[in-house]
Amino acid sequence: MGAPLLRVEDLRAYFHTADGVVRAVDGVSFSLEPGETLGIVGESGCGKTVACLSILRLLDPPGRIEPGSRIMLRDRELTAASEEEMRSVRGNEISMIFQEPMTSLNPVWTIGDQIAETLRRHRRARPAEARRRAAEMLRLMGIGFPEQRLDEYPHQFSGGMRQRAMLAMALACDPSVLIADEPTTALDVTIQAEILDLLAGLQERLGMGLVFVSHDLGVIAQIADRVIVMYAGQVVESGTADEIFRRPRHPYSEGLLRATPRVGRKMQQLSVIPGSVASPKLWPSGCRFHPRCPYAWDRCREELPVLRGEARAVRCWLEEEPARRTGGWDGAALAEDR
Amino acid sequence: MVASTGRQGAAEGLPTGATRRPLVAAEALVKHFPIHSGLFGRETGRVQAVDGVSLEIRRGETLALVGESGCGKTTTGRLLLWLLEPTAGRVIFDGQDMSSLDRVGLRAFRRRAQIIFQDPFGSLNPRMTVGSLLREVLRVHRLARGEAAEQRIGELLDAVGLHADEASKYPHQFSGGQRQRIGIARALAVQPDFVVADEPVSALDVSVQAQVLNLLADLQRRFNLTYLFITHDLSVVRQIADRVAVMYLGRVVELGDCDSLFRGPLHPYTQALLSAVPDPERGTERRRIALSGDVASPAAPPPGCPFHPRCPHPGVDDTCRTLVPPLRTLAGGAQAACHKI
Amino acid sequence: MNEAAAGAEDRPERGHIAKAAALVPGLAHLLEGRRRAGLSLLALALVTLAVLVFAIDRVAATFTTGRVDYWVALVTLIGAAAVAWGVGFREALGGPRARAKGVSQWAIAWREFSRNRVAVLGLYLMLTLYLATLLAPYLTPYEPNTIGDMATTRHLSPSLAHLMGTDKFGRDVFTRVLYGARISLSIGLIAVSISVTLGTVVGAASGYFGRVVDTVLMRFVDMFISFPRLVLLITVIALFEPSIFTVIVVLGLTLWPSTARIVRGEVLSLREREFVEAARALGLSGARIICRHIIPNVLGPVIVAATLGLGNIILVEAGLSFLGLSVQPPTPSWGNIIEGGREYLVQAWWVSTFPGLAIVVTVVAFNLIGDGLRDALDPRQRM
Ligand SMILES: Nc1ncnc2c1ncn2[C@@H]1O[C@H](COP(=O)(O)OP(=O)(O)OP(=O)(O)O)[C@@H](O)[C@H]1O
Ligand SMILES: Nc1ncnc2c1ncn2[C@@H]1O[C@H](COP(=O)(O)OP(=O)(O)OP(=O)(O)O)[C@@H](O)[C@H]1O
Ligand SMILES: [Mg+2]
Ligand SMILES: [Mg+2]
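Protein chains in written order, with the working numbering: chain L, 1 to 338; chain C, 1 to 341; chain X, 1 to 383.
Worth flagging that the hints you see were computed from the coordinates, not collected in a lab. Beta carbons: idealized from backbone N, C-alpha and C, even for Gly. Heads up, a few of these hints could be off.
Claimed, not checked - With the Cβ distance kept under 7 angstroms, some of the chain C side facing chain X (calculated, not the full set): (1) L81; (2) L84; (3) V104; (4) R107; (5) R112; (6) F117; (7) D119; (8) G122; (9) S123; (10) L124; (11) N125; (12) P126; (13) V140; (14) Y170.
Claimed, not checked - Calculated from the model, a selection of chain C residues having no Cβ within reach of chain L, i.e. all distances over 10 angstroms: (15) V30; (16) H36; (17) T74; (18) W82; (19) E85; (20) G105; (21) S175; (22) R221; (23) R238; (24) L273; (25) L274; (26) A276; (27) P280; (28) E281; (29) A290; (30) R328.
Full structure from sequences and hints, please.
This is the structure:
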């Protein structure tokens, strides 16, 4: 196999504000193959959105991608690309959809105009042709009577349909990578399930690489092939979905799983990760999770652990000193709960 | 910090007399919001936010109210707290019809029933310190003043896991989870019996959500609270509720014991809802019941069963399309509103 | 978070030199590296000292003339000295201040504001202006309205004796601008206070109670806004006689509708906020909710509107006096001084130019402050 479709190496994106440097993304690496779904999971503020925006170089000042970060689309270096080149990448080779389907659509244009616009820009399609393709995209998204709905405005669409329209826009130019930043968080569960099924189906048909961001472990477990878990701007664990959800190795992933209530069964008790995420202006020294970690010892307070491993990687000193994994998250072990 | 959220034993421990009379009861509650438009604000339609909800909440239990966005959960909660007056129907609190209360009675009621909100940013006045927030409550209800008030504030903050020193801070100096705790402390300040928790953990991170859920369960045990727990997240319901009411377009479509509802949902909507919830354990193996279309608007609900346009049940017929199914009690004590059961 | 509080904790023990610094206001601040605060205090102290040294006879005259403006000036002088030395003393001798934990949104807004250099410049200009106005009798040896010896003092060009020259009646223009500032600034202040109070009350009532109250009040506001202000002014002034009082009332009464609009909009959104609902669930009364929970949260935009309104009103008042519709000569106001110099613009440019500059500086200062406040109070910067 040659170069992966998308490869991000040591991505760091900082905001240089008047109050100091906000290290929102601080060392994120991953790669994505065609037809693969990479799930990025992490709690609010851990830098998921900033990482996605960085890939498309959409960060606004004072945000900046720090030197040394690399973003490779096949064998093209995007961090070095000109703004002109980036414009031809966005929406064409890499597309992105956002959390808020209402605010991401322009209320003064019809849905049809907005889908057609990307086609006109990137494909230089003629109006009639663009319109035909837009209708085709809407049909692909499972929207009935696409010809009529093209002439409707976003406010005439429900939340789920708006997200479908967003998807139609994003996929109109057959991008090879789709970045979906919490595309279902604002939707009801039944609608969310439909969109997830739709995405999975489309990906199989179109063979694109999908980066799917969410804070919901359940959603990620359902859609992702491989998963990276982020905490405080860094990747703390990565592996296949099965490995992460059945045998989490980082204390944070483990704690997160045990704190998540399930519909499938009632847990004896929800275990708790004490405290809350620190401010990105002042990450804790050493391992950023140590103030909340049940295993932390001196070394964790002083030294930042490195991300060890390739496909299955964990950023934790326990990997070197497994004997210290005692006590830990209170209550019964995850396995015993079942 | 860890507290069991298992609530199995809650009802058995109480004297039998107390369990018999519900603390709160809604009888055929209806709330319609008029839609005004035009220069003179003529009424051009009505949002049927709540359309005939009847339920009972027993002393010391947690009744979860679930349903999708806009189905009328918040409106129901506000009706039960008499923050809104119903268009029709009655609210009975501890044997008293709420509409018969005068000013004094209503004031006494405000001490007994409280609310916790979803938004940890919007639910606290940004210009008041936590201390002054709690002090105001204590003063308005003449519960404590001066030194006693300060001591009580300390106790309240302690009860929700905050430090008494933090009374001089402003809300924006706290994290989301901490703010939610402050909102809980404010509700507890009047020592209520009944608390409506309107999506209290929906805006929180998973790791913090567990802290707040455990805290709520812990406080319920300590102060013998009765909860109406409003949420759209079914996995949270499973964890915290004793009984569950499922709402769809302003009506309760299923009401029953938490465990049996999760094990064997009766109403087609409940079944679809349960199957749609992603679960990290089930991964991709789940079998989802597909629903077609979107929820209808409460301003123009469909005739007959509100769920019939999306119903996956194979036997949807003219009865469903024309007749509103009543909430019937079935064998085993569960209630459901469906013609096909 | 709070730099000042953080600094207070690890403040080193001070030696005797530092303690002696207490006698010079601002020195303690300067020693601690707080330049702006230190220099401001120092400047304030120097101003009071200079007045005492160079104008001691006029200060003494306070007790003989017994005029109100002299007394006001004396109180201002004492107040300024008290502030300069009081704050200096506390900083130099006081122990470490109690660590304040609560950082209110006002404190954050202030920090945000003080980072904005241009806005702070505006603030300094405004403070200087108000201080000068209050101290006017001590700052100039002339009287604003006493007509001089027409033969020798008419139209003197600016010099050390007459900083801004003299006018056609031989009066010192600097003195007249200083006294004119009193009229302009106080008309602005009073008119804005009236309009802000009225606007806030009407807007809050309209937004909070809604329905009929809202409809009636807002139609009333629409009516007021759609009525041309200048026509109204001229009509009222034509009916009554032009005086400071009528101008204040008319300006105050025509500005409130815009404040009411702003407040109503804010209240409408605040009313839906959960903390207001929580207050209702706790059984608080309507009046209490408005005063404690709603008004403090609309003050931000109101303050911004008021500051920008001040600049605007001063401009309008200057225009009116220029047209002779406001303060009547010989009482000086910026507008009528300019009018007085209009005929002699070529021979005696200074008569109209300096009051004109004063207007420009004042209006610019208020606009700078207003813009700074708008940025600082922007709720989107919170959290
Ligand atoms: N324009 C900005 N200026 C300064 N800091 C910023 C800016 N945008 C984001 N940040 C900070 O960067 C961090 C990461 O933000 P990001 O939006 O990527 O989080 P996220 O993981 O997407 O969270 P969520 O789940 O809430 O969407 C946050 O702590 C945020 O405060
Ligand atoms: N004050 C009001 N005026 C008019 N319509 C209202 C008002 N309050 C609620 N509604 C409408 O009533 C319906 C039910 O609203 P409600 O807030 O009870 O829903 P919900 O179940 O709490 O939804 P969510 O999960 O989004 O909070 C919605 O369609 C809403 O638009
Ligand atoms: Mg995000
Ligand atoms: Mg709600």
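Hints, verified against the model:
1. L81: This hint holds: L81 of chain C lies near chain X, its Cβ roughly 6 angstroms from the closest one there, short of 7 angstroms.
2. L84: Violated - the Cβ of L84 of chain C stays beyond 7 angstroms from chain X, reaching only about 10 angstroms at its closest.
3. V104: 11 angstroms, violated
4. R107: 5 angstroms, holds
5. R112: 10 angstroms, violated
6. F117: 4 angstroms, holds
7. D119: Since chain X brings a Cβ to about 6 angstroms from D119 of chain C, closer than 7 angstroms, the hint holds.
8. G122: At about 5 angstroms, which falls below the 7 angstroms cut-off, the nearest Cβ of chain X leaves the hint on G122 of chain C intact, so it holds.
9. S123: Holds, because the Cβ-Cβ distance from S123 of chain C to chain X comes to roughly 4 angstroms (cut-off 7 angstroms).
10. L124: 5 angstroms, holds
11. N125: 5 angstroms, holds
12. P126: 6 angstroms, holds
13. V140: 6 angstroms, holds
14. Y170: 5 angstroms, holds
15. V30: Given that every Cβ of chain L is farther than 10 angstroms from that of V30 of chain C, nearest at about 24 angstroms, it holds.
16. H36: 19 angstroms, holds
17. T74: Since the minimum Cβ distance to chain L is about 15 angstroms, T74 of chain C lies beyond 10 angstroms and the statement holds.
18. W82: W82 of chain C is indeed farther than 10 angstroms from all Cβ atoms of chain L, at 29 angstroms.
19. E85: 29 angstroms, holds
20. G105: 39 angstroms, holds
21. S175: 4 angstroms, violated
22. R221: 13 angstroms, holds
23. R238: Violated: least Cβ distance 5 angstroms, not greater than 10 angstroms.
24. L273: 6 angstroms, violated
25. L274: 6 angstroms, violated
26. A276: 4 angstroms, violated
27. P280: 4 angstroms, violated
28. E281: 6 angstroms, violated
29. A290: 7 angstroms, violated
30. R328: Non-interface label on R328 of chain C holds, nearest chain L Cβ at 24 angstroms vs cutoff 10 angstroms.
Hints 2, 3, 5, 21, 23, 24, 25, 26, 27, 28, 29, counting from the list given before, are not met by this structure.
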